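K.L.:
Sequence:
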Amino acid sequence: NHSVSVNPMEKVVRHILHIYTAKGLREYAFAAAEKLSELGKLDSKEHKGKTALLVAVTANQPDIVQDLLFLSADISICDVNGQTALHVAATYGFPRVMQVILYAGLRVDLEARNFEGINLYIAINASSSSTWLADGSLQTQAEDKLMCLRLLINAGASVLSQEIKSNKTVLHLAVKEGNIHLVRFLLSLQLSNMQAFINMKAHGHTALHMAAGLHGSPFQEELIRLLLSRGADPSIRNLENDQPAHLLQSGDKGERVRGFL
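Each residue of the sequence shown is one higher than the one before, counting from 1 in full-length UniProt numbering.
In short, the hints are calculated from the structure, not lab data.
The structure presented is a predicted model; accordingly, all values stated were derived computationally and were not measured.
Accuracy of the hints is not assured; some may be wrong.
[Said to hold, decoys possible] The calculated lysine-lysine pairs, modelled on BS3-like cross-linking and capped at a C-alpha distance of 25 Å, are:
| hint | residue 1 | residue 2 |
| --- | --- | --- |
| 1 | Lys-11 | Lys-45 |
| 2 | Lys-35 | Lys-45 |
| 3 | Lys-48 | Lys-23 |
| 4 | Lys-11 | Lys-48 |
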């Protein structure tokens with residue numbers, strides 16, 4: 001049956017395109033992509049379910065991403081985990097790739113979620129909190145992630161977006177991980193609805209509840225002070241009827257923090 005047979009030429013060109021793309025060989029990749037485009041097969045997937053565009057994004061090749069979009073690669077196609085090109089760039093923290101995608105003048109779904117219900121903000125923050133610690137290469141990674149967040153915010157993605165399973169926003173996640181850099185960044189944003197954002201609940205818990213529960217974190221006090229300074233409401237009760245102050249540790253540190261909660 002000819003309707004399902006794959007043109008052998010297409011198979012070879014696609015394989016070559018994916019290799020050139022992964023290696024960052026722009027001119028060769030462009031020639032192969034043009035050929036596939038003529039065959040109407042630019043968006044065909046290889047065995048791991050990735051199109052050439054998804055391969056280019058994963059390989060952090062912004063120039064090749066730009067070329068593929070110029071040749072009309074489909075920006076909305078997902079990989080086997082339901083991740084679009086933008087999701088993949090967010091997860092790895094590749095700001096230059098995100099910039100190319102967001103500024104290509106195409107319709108991009110900023111509220112897209114993968115199969116686990118993870119939105120773009122959560123994707124950026126999903127990499128382990130060690131990314132945010134202050135040692136050399138990881139520092140650059142953290143800066144890249146903040147850059148990705150800025151790009152998303154500037155593109156108009158809603159920072160109030162919640163993870164489907166846990167109802168957490170990116171602020172809940174950042175506080176829960178004691179990620180002081182990310183919390184500082186989020187609270188420095190000029191949001192018209194900052195108070196609503198800060199006091200959003202994830203299964204009854206506000207970010208302030210989560211900060212109060214961070215008994216071992218060296219940043220607990222600073223997180224609580226930051227949240228309060230930006231409008232966190234210490235009188236809100238969770239589903240167990242506890243206010244944030246009720247979740248503090250016992251002992252001197254808990255008492256000191258309780259003093260300004």
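K.L.:
Which numbered hints does this structure break?
P.N.:
Result: no hint breaks.
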